[in-house]
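Residue numbers (this note's numbering), protein chains in the order written: chain D, 1 to 337; chain P, 1 to 337; chain U, 1 to 337.
Wrong hints could be hidden among the right ones.
Only pairs whose alpha carbons sit at most 30 Å apart, straight line, appear in this in silico BS3-like list of lysine-lysine [unchecked claim]: (1) U:K293 x U:K72; (2) U:K315 x P:K188; (3) D:K72 x D:K325; (4) P:K321 x U:K308.
Simulated from the structure, these hints should not be mistaken for laboratory data.
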Amino acid sequence: MDAAECAGLIGGRLIGAGDVVIVGIADIAAAKAGDVSFFTGEGQIPATHATCVIVSEGAEFDPATPAVIVVKDPKLGFAKIAARLNTSPKRTGIDPSATIAVDAHVQASFIGPNVVIESSARLAVEVEIHTGTYIGKEVAIGRGTRIFPNCTIYSGTTIGEDCTIHAGCVIGADGFGFVRDGAEGYVKFPQAGGVSIGNNVELGANSCVDRGALGVTEIGDGTKIDNLVQIAHNVKIGKRVVIAAQTGISGSTVVEDDCVIGGQVGMGDHARVLSGAVIGSQAGVLPGKIVRKGIWWGTPVQPLDEYKRQNALVKGISRLKDEVKRLRAIIERSDDE
Amino acid sequence: MDAAECAGLIGGRLIGAGDVVIVGIADIAAAKAGDVSFFTGEGQIPATHATCVIVSEGAEFDPATPAVIVVKDPKLGFAKIAARLNTSPKRTGIDPSATIAVDAHVQASFIGPNVVIESSARLAVEVEIHTGTYIGKEVAIGRGTRIFPNCTIYSGTTIGEDCTIHAGCVIGADGFGFVRDGAEGYVKFPQAGGVSIGNNVELGANSCVDRGALGVTEIGDGTKIDNLVQIAHNVKIGKRVVIAAQTGISGSTVVEDDCVIGGQVGMGDHARVLSGAVIGSQAGVLPGKIVRKGIWWGTPVQPLDEYKRQNALVKGISRLKDEVKRLRAIIERSDDE
Amino acid sequence: MDAAECAGLIGGRLIGAGDVVIVGIADIAAAKAGDVSFFTGEGQIPATHATCVIVSEGAEFDPATPAVIVVKDPKLGFAKIAARLNTSPKRTGIDPSATIAVDAHVQASFIGPNVVIESSARLAVEVEIHTGTYIGKEVAIGRGTRIFPNCTIYSGTTIGEDCTIHAGCVIGADGFGFVRDGAEGYVKFPQAGGVSIGNNVELGANSCVDRGALGVTEIGDGTKIDNLVQIAHNVKIGKRVVIAAQTGISGSTVVEDDCVIGGQVGMGDHARVLSGAVIGSQAGVLPGKIVRKGIWWGTPVQPLDEYKRQNALVKGISRLKDEVKRLRAIIERSDDE
Chain D
1 MDAAECAGLI GGRLIGAGDV VIVGIADIAA AKAGDVSFFT GEGQIPATHA
51 TCVIVSEGAE FDPATPAVIV VKDPKLGFAK IAARLNTSPK RTGIDPSATI
101 AVDAHVQASF IGPNVVIESS ARLAVEVEIH TGTYIGKEVA IGRGTRIFPN
151 CTIYSGTTIG EDCTIHAGCV IGADGFGFVR DGAEGYVKFP QAGGVSIGNN
201 VELGANSCVD RGALGVTEIG DGTKIDNLVQ IAHNVKIGKR VVIAAQTGIS
251 GSTVVEDDCV IGGQVGMGDH ARVLSGAVIG SQAGVLPGKI VRKGIWWGTP
301 VQPLDEYKRQ NALVKGISRL KDEVKRLRAI IERSDDE
Chain P
1 MDAAECAGLI GGRLIGAGDV VIVGIADIAA AKAGDVSFFT GEGQIPATHA
51 TCVIVSEGAE FDPATPAVIV VKDPKLGFAK IAARLNTSPK RTGIDPSATI
101 AVDAHVQASF IGPNVVIESS ARLAVEVEIH TGTYIGKEVA IGRGTRIFPN
151 CTIYSGTTIG EDCTIHAGCV IGADGFGFVR DGAEGYVKFP QAGGVSIGNN
201 VELGANSCVD RGALGVTEIG DGTKIDNLVQ IAHNVKIGKR VVIAAQTGIS
251 GSTVVEDDCV IGGQVGMGDH ARVLSGAVIG SQAGVLPGKI VRKGIWWGTP
301 VQPLDEYKRQ NALVKGISRL KDEVKRLRAI IERSDDE
Chain U
1 MDAAECAGLI GGRLIGAGDV VIVGIADIAA AKAGDVSFFT GEGQIPATHA
51 TCVIVSEGAE FDPATPAVIV VKDPKLGFAK IAARLNTSPK RTGIDPSATI
101 AVDAHVQASF IGPNVVIESS ARLAVEVEIH TGTYIGKEVA IGRGTRIFPN
151 CTIYSGTTIG EDCTIHAGCV IGADGFGFVR DGAEGYVKFP QAGGVSIGNN
201 VELGANSCVD RGALGVTEIG DGTKIDNLVQ IAHNVKIGKR VVIAAQTGIS
251 GSTVVEDDCV IGGQVGMGDH ARVLSGAVIG SQAGVLPGKI VRKGIWWGTP
301 VQPLDEYKRQ NALVKGISRL KDEVKRLRAI IERSDDE
């Protein structure tokens, strides 16, 4: 790709040579000749050996830089060019050590060593299933989805197109539902539902999505989930939701489209996070709570402004205590008079 | 099973036809002919196509429902019938790709592809070990226990009967114990103990139970543990304990029988949670703390009532501050006079 | 090893017979003849059958104990002797079911069943790779490092010497970086960097270390990490750092040498924890925060003393409220007069 093509791809204004060839990506300090890089700030761009730098209006660049592309969001532009440049060869072939049921419908381009694919599973074209991953009965996986090593996809799970499932994920294990039977202990509530994951979803390493109890656990198109996240049975996650690492979402909770959830957040069951809400890291959402659009913080969650105001008030208790002491002294003195 | 058998199984009072046949389970809205469902509330049951509905005294049902069973706890009754109806075929057979030590004692009904079973392991009858799971030396597994794909059971672990271990669990890895040796850094404290898990225990996906340092980490009969939970070395969990997702319990802590622990709870080492305690999600138990029977909340944990009272007081700081301001104004005015 | 050798190894003062032979380790109560044990307190040592007990100055021991070794830190001494006594046989051999690329450079002493080693990986002597672990392209692993079952080491990861990576770890999965593209949703930011782990590092079960986005995620020599920990892209962890279970560290955060981080701690991105800082369990470090040497607690983290003082003030609100009420009564009474 040359700089002119890069500029075209991201709708940017090219300054300099359009015909310099871009072969790699790097951050501004590490970039070398042939690399494209980006700078998000205003003002002077740090010295760089990049052949092409993507900047926003107002950045001051070294006029010796071979090519500069001006766009509104340089980081986004860089990400798009990087995706296009990514020429890491696709994996292909069916490893002879894979165990594939005779009635599985496998069009996948890559099945790695020791993969197991059970009866009636359906894998579309361009699917990659990496080493040691287990695909249960009647699992359906859409075109272009890649599942990395040592994942376990239980029976009845549906995964859409162009998803990335990182190593160690477990999808479709039983939800956590038990009914107490007096002194006898717990009887398992049936966990007989499924999991449905949309298109273009990313699931981080060692994350878990449980199957529904009687219904389906759902994750919408374009949602991105980090490592070690727990999605319980019957949860519904909307489209384009971002969930950072180690967050846990309890049973039947709904997270609507375009929410952003920080890391280590805990959500009780049957809560509902309305479209566009942003929840800060380590926050706690009580069972049944409705969280509206806006920025939320703390346990239990409250609007960020209120959280800050409350924190400032707590910080001020010491001063308040001193003030009360002072007033008491005045009163007692005047009582003495 | 017909409705009369269902009623008999759960000790319920049958209203309607005892001879209608029940073949499936569903929630009230999704149920179709042949299904059993349940309704826990009082009042009017939503419209349903279920052939049999389990209800509690006082529920108002459509008289056209073929069979209704009245019991004290409809959800429990439903769970028991569902367990009986569950005819998902048991897995059987020893996959030729499994690697089984010649001196392992394997009576198991199912050993999946790529399973590895080391020397002197003992697997009782009706045990299922699924794809890619590793069973270390001298591991003992009781009758009817199922271990799902890609688990790692380190040497010296004992697991009882009728347990369910979900995919990705790690049982018997080294506990986290190191001794600081000045500027040299850390020397590993020996992690030479074992793990002992009772009967009828469920362990959620990607959870970890570490081996004891010099003693044994124990989990009692009937205890249910969710996904991504961490149980450290030498912890003792009693019987019929419930632990929700992402909770972590530090070394040598004891959780007695019949406790209920929420999600994302953290417990320090050498704490003791007495029988019957309930600890809310995201709570924190300090090292060495004794938590008595009752409901506990917050970090550090306090009785729920106290937690609520304290929270209300914090919420009231603003008003308190206003009140102090008002008093000061009165005092200063009277001083001026 | 006899008791004299033990004393020599740890620089302790031997009391009693130097020629008694030590073959095992145990805690003081469980020890039997032939075992070495230790006692860290002062005063009377509990009754024991240990052949050798390691104690500190001032401990009162049964004069019938065959050998006693007096050192400054008995637990450290015990750990060192235990490490020397550990004669658990090393695993050796290359299992025929392993899939090893022809151009991988494998000097390892043990490659377990179903291990997969990709092209150009380099495994030094005395390396052990256990059952079902996946080693990606161009991964380099130093002498004596052991990787337990079902781990996934993505391409481009470097691991030093004498490391222990427990089962289920995922090293080098993509970091969590996306750029919002308006209503379209998210575009993946390239995750093209690597992971570099030093010597003598321990990583607990099911922990995750993500690859750098454009740079490298680093973990320094002698650092010990517990189970289910999340280390995000471009994080730099120094030497001899201890991180307890379920802690999460966000992108580009730096933890300098000799820090101690509790369990379930959350750190925002681009924070910096300076050398020697200690952070209590469940604490939260805000993005960009600098945490200095000392003991820190709470969310957001504050010095432990301040945290305690603040907590005491909050606990005192009730009393403060009563005091204000009392003052108001006085004022109103005097107003009435």
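Check: Under the criterion that the straight-line Cα-Cα distance not exceed 30 Å, is the pair P:K321, U:K308 satisfied?
Finding: Answer holds: P:K321 to U:K308 is near 22 Å, not above 30 Å.
Next item on the list: Compare the distance between the alpha carbons of D:K72 and D:K325 with 30 Å, and conclude whether the hinted pair is satisfied.
Entry: violated, 57 Å
Item checked: Pair hint U:K293 and U:K72, alpha-carbon separation not exceeding 30 Å -> Distance ~26 Å between U:K293 and U:K72 Cα, so the pair holds.
Check: Quick one, are U:K315 and P:K188 close enough, alpha carbons at most 30 Å?
Finding: violated, 41 Å
When each numbered hint is compared with the structure, violations occur for hints 2 and 3.
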